[in-house]
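Asker: Single-letter residue listing:
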Amino acid sequence: MLLIPCPYCGPRPELEFAYGGEANMVRPADPALLNDDDWAAFLYQRSNPRGLHAERWRHVHGCGRFFNARRDTVSDLFQASWKPGEAPP
Amino acid sequence: MSHVMQRFSGFAIARQALTGHMGWGRQWRSPEPQPTYDAVIVGGGGHGLATAFHLARDHGMRRVAVLEKSWIGGGNTGRNTTIIRSNYLFDASSRLYDHAVQLWERLSQTLNYNVMFSQRGVLMLAHNVHDEQVFKRHVHANRLNGVDNEWLSASEAQAFCPPLRIDGDMRYPVLGAALQRRAGTARHDAVAWGYARAADALGVDIVENCAVTGIVRDAGGAVQAVETTRGRIATRKLGVVAAGNTSVIMGMAGLRMPLESYPLQALVSEPVKRVFPCVVMSNSIHAYISQSDKGELVIGAGTDAYVSYSQRGALHVSTHTLEAICELFPQFRRLRMLRNWGGIVDVTPDRSPIIAKTAVPGLYVNCGWGTGGFKATPGSGDLFAWTVAKDEPHPINAPFTIERFRDGYLIDEAAAAAVAH
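These protein sequences, in sequence, are chains A and B.
Under my numbering, the first residue of the first sequence carries the number 198, and numbering increases by one thereafter.
Under my numbering, the first residue of the second sequence carries the number -11, and numbering increases by one thereafter.
So that you can see chain B by itself, here it is in the shape it has in the complex (with noise of 0.2 Å):
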């Protein structure tokens, strides 16, 4: 079922060369599903895909599709900011988030791609003596755990970031940040692509354009089959990796989902040089901005405050946020805005995710990423892997159970997410 790989290096460039770049293949197959798999992975975003590819290269299951919806990474993938770290306060989310950091750091060589990763940094403003406990709290919390993340001044975020501004007479001056030195941006594209491909050259089967209408249970209640609008699909291992869909698809299993689904928005700029070197959050007054590759400035808004499966928000709430951009960095008040979009984020309660099993034997869930999911891509592919291969959950993901609602082991990092959305 695999073919071979077509790799990428300086030498495969040189020799494409001489024949005017026409030998390069397609990346990926584009398979009819087969009827029976070991294992179905639903959702073709960064984290299905990551998870197909651990599947197959980490716990030797060769017969392993993943079935999107419409295109692969067209989701919230291609929706999100980019931006990666993992400066989270409490224990459980430090090793999840810090494991996944480890694994970006070496991606493109795992990958054979290059997905662009770029430790350019992350400042978080503190903008009042609230922010600037709760940052330094942040600071000692994940220095404990091992997680790079320093206290900066005012000064000191200027010189880092020299576009900033400092000013006293500001509404909400900045009055210092946490800056995480390893955290970053990358391609995120790429990362859908790189990991297509390199779970394909496994032996994994993508689907495109197959949607799941369907879980089939046996007597016993595991899982039997999915369907799908391509046709009936066995298998007895279910991962569902479909963000904000995730309560339809759990549903037709017959479960509810501690989840909600609200449109988050981001936009970029027209191009325009290098004038932005790193990423800066700020949580108090919502904004957060990096520069991509081509020279948008790409920025993020926050959530609209109702449940919608719309993929686009409302004016308003980006506007809130480019009024803050505007605030910290007034030389971009005359800057064009080129797109906007939305995507759909599940949040949890908690805003922590869930990588687990679930009540239904064979059904696998990986969901609840909320507004931050993309930075957690090659960590979450690989924890949800080892729990549906093992039928167990790994260490790193174990607290990121279903049942800790019902038993009160909340991870609450609401007030740790980098926006209060």
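The following block holds chain A by itself, in its conformation from the complex (with noise of 0.2 Å):
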């Protein structure tokens, strides 16, 4: 079980969190005006790295709120987490 770092809460066991899939995936501001691969690649493609990762988890059993954290998907080890809308660490 991951011990996530909550960057409102601390370190606290994965079975508080939902997972959020992965990070600054923008909704693009007017869809209408995109083709079909662009939409598509917006809704279905992922980076999927085997290395580090940048994704949202939500605290939902601890404070209810979103953040970002970079974790290395081969080790699972947390490198950072923060806030929405801060810059990463």
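By construction, these hints were calculated from the structure, which means they are not laboratory data.
Please note: incorrect hints may appear among the correct ones.
[To be verified] Away from chain B, derived, C-beta distances all over 12 Å, residues of chain A:
{"no.": "1", "residue": "Val223"}
{"no.": "2", "residue": "Arg224"}
{"no.": "3", "residue": "Ala229"}
[As the list claims (entries may be wrong)] Ranges of calculated distance between the beta carbons of each label pair, as one might list FRET restraints:
{"no.": "4", "chain 1": "B", "residue 1": "Phe(-1)", "chain 2": "A", "residue 2": "Leu249", "range": "55 to 61 Å"}
{"no.": "5", "chain 1": "A", "residue 1": "Leu230", "chain 2": "B", "residue 2": "Pro383", "range": "32 to 38 Å"}
{"no.": "6", "chain 1": "B", "residue 1": "Pro161", "chain 2": "A", "residue 2": "Ala215", "range": "26 to 32 Å"}
{"no.": "7", "chain 1": "A", "residue 1": "Gly282", "chain 2": "B", "residue 2": "Ala222", "range": "48 to 54 Å"}
{"no.": "8", "chain 1": "A", "residue 1": "Tyr205", "chain 2": "B", "residue 2": "Ala222", "range": "51 to 57 Å"}
{"no.": "9", "chain 1": "B", "residue 1": "Gly156", "chain 2": "A", "residue 2": "Pro210", "range": "33 to 39 Å"}
{"no.": "10", "chain 1": "A", "residue 1": "Phe239", "chain 2": "B", "residue 2": "Lys124", "range": "35 to 41 Å"}
{"no.": "11", "chain 1": "A", "residue 1": "Leu249", "chain 2": "B", "residue 2": "Arg300", "range": "16 to 22 Å"}
{"no.": "12", "chain 1": "B", "residue 1": "Glu215", "chain 2": "A", "residue 2": "Phe239", "range": "28 to 34 Å"}
{"no.": "13", "chain 1": "B", "residue 1": "Gly8", "chain 2": "A", "residue 2": "Leu249", "range": "52 to 58 Å"}
From the three backbone atoms N, C-alpha and C, an ideal C-beta is built for every residue, glycine too.
Please assemble the complex out of the two chains, which come individually in their own frames, going by the hints.
Answerer: And the structure:
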């Protein structure tokens, strides 16, 4: 089980969290202007890296807030976490 | 390049017995990679080895290599729960998976290797009205597609699987079950070894400890070669069958995939005498269980929630499954679990695989089998070999393109999976 560093509450067990998928997947401002390839890329394509992954978590059974984190997908170790709107450390 | 395969038969065993079984040779070679191949398959799991076998046997391609970064069958082929079934909901998936079951039914003869395919039946339990309606819909859809599936009442399910508890006082009582009698299990390692041996006999080079580190393309963008940890290998046809590592390999050709990789766990108990006659799955409470010929109860747990390549899963995920198993089969409560492990499964947004050409000429991909690829091994190899050899999909895998995500033709089997991953 992961020990996840919530930037608001500190390290807590994984059971308190919900995974929120890859971070920085920004919804296009006007989807109607996109072609089908770009829209499909936004909806379905993911980085899925073997290594550092920027991702979102939500501390559902704690403060309830979303935050960002960077984790190594091979070791599962968290390198950093930060609040929405902050620059990644 | 090929060598004569030592065929297995009753006569061969009797003859070997006369010399103390000292005459059994190596089952396949361990060749150095050649500088050039007609086709290179990346990934030496069951699907990759089956692809190479069909390329050599059915499409006359004798200069074929399978590149495996570690040892063959050491990834998901050796890590799954060996369940085989074809009771998928949609026409396209039903055709795809039943094509595989038909090949399973004669695979031991095809490969001259006992893969211990056992059609012991797969029961999928219904615990609420929604399950019952969904499974009955599956039964009807399957039968319209010529795939066997039938509805059993709770007591009929217990008659088929006597260890099953059907008391009304369970938290999630068993209301009935869908049964596919042609479904079952096979020996997973034997599948990898049998395909390796048969492909090798047809001249395929199986190169282990050879990781792909780059894809070289010519001025027109077409595949020209692969860079590997054992040197550059030229080829015009590159088939990627790398399961959880597909996104990494495809990234070497600049392609982003509609895939995410998750750890999926399985575990086995200490071996016991024959106590469990079939495969039982429960979607709603997340459990699947069967008994291997060694006597271990083979139990499948769920995926972790997050992207990972760690090949291990969290304890709370397997605990969740064991709680469900103990509810259904209280007599197993005191069994010890012997081993658990994880494999990395590549999951598509619609939970259906991709077996297709790509935007890069000469680059083909067979991926996205998610949590249920083992069952499709022979069919996947057959269809992918066709696609690689002819540069066009076979009619059965034609719907399973990458472009379906762009064009909106999703094959949404998410709800039809055996368990909710």
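Asker: Next step is simple, just say for each hint if it's right about the structure.
Answerer: Verification of the hints:
1. Val223: 15 Å, holds
2. Arg224: Consistent with the label, Arg224(A) stays out of reach of chain B, its closest Cβ about 16 Å off (over 12 Å).
3. Ala229: 16 Å, holds
4. Phe(-1)(B) <-> Leu249(A): 55 to 61 Å: 58 Å, holds
5. Leu230(A) <-> Pro383(B): 32 to 38 Å: 37 Å, holds
6. Pro161(B) <-> Ala215(A): 26 to 32 Å: Given about 29 Å between the Cβ atoms, the range holds.
7. Gly282(A) <-> Ala222(B): 48 to 54 Å: Cβ of Gly282(A) to Cβ of Ala222(B): about 50 Å, so the range 48 to 54 Å holds.
8. Tyr205(A) <-> Ala222(B): 51 to 57 Å: Since Tyr205(A) and Ala222(B) have Cβ atoms about 55 Å apart, the given range 51 to 57 Å holds.
9. Gly156(B) <-> Pro210(A): 33 to 39 Å: 36 Å, holds
10. Phe239(A) <-> Lys124(B): 35 to 41 Å: At roughly 37 Å between Cβ atoms, Lys124(B) and Phe239(A) fall inside 35 to 41 Å, so the hint holds.
11. Leu249(A) <-> Arg300(B): 16 to 22 Å: 19 Å, holds
12. Glu215(B) <-> Phe239(A): 28 to 34 Å: Holds - the Cβ-Cβ distance for Glu215(B) and Phe239(A), about 31 Å, lies within 28 to 34 Å.
13. Gly8(B) <-> Leu249(A): 52 to 58 Å: At 56 Å between Cβs, range holds.
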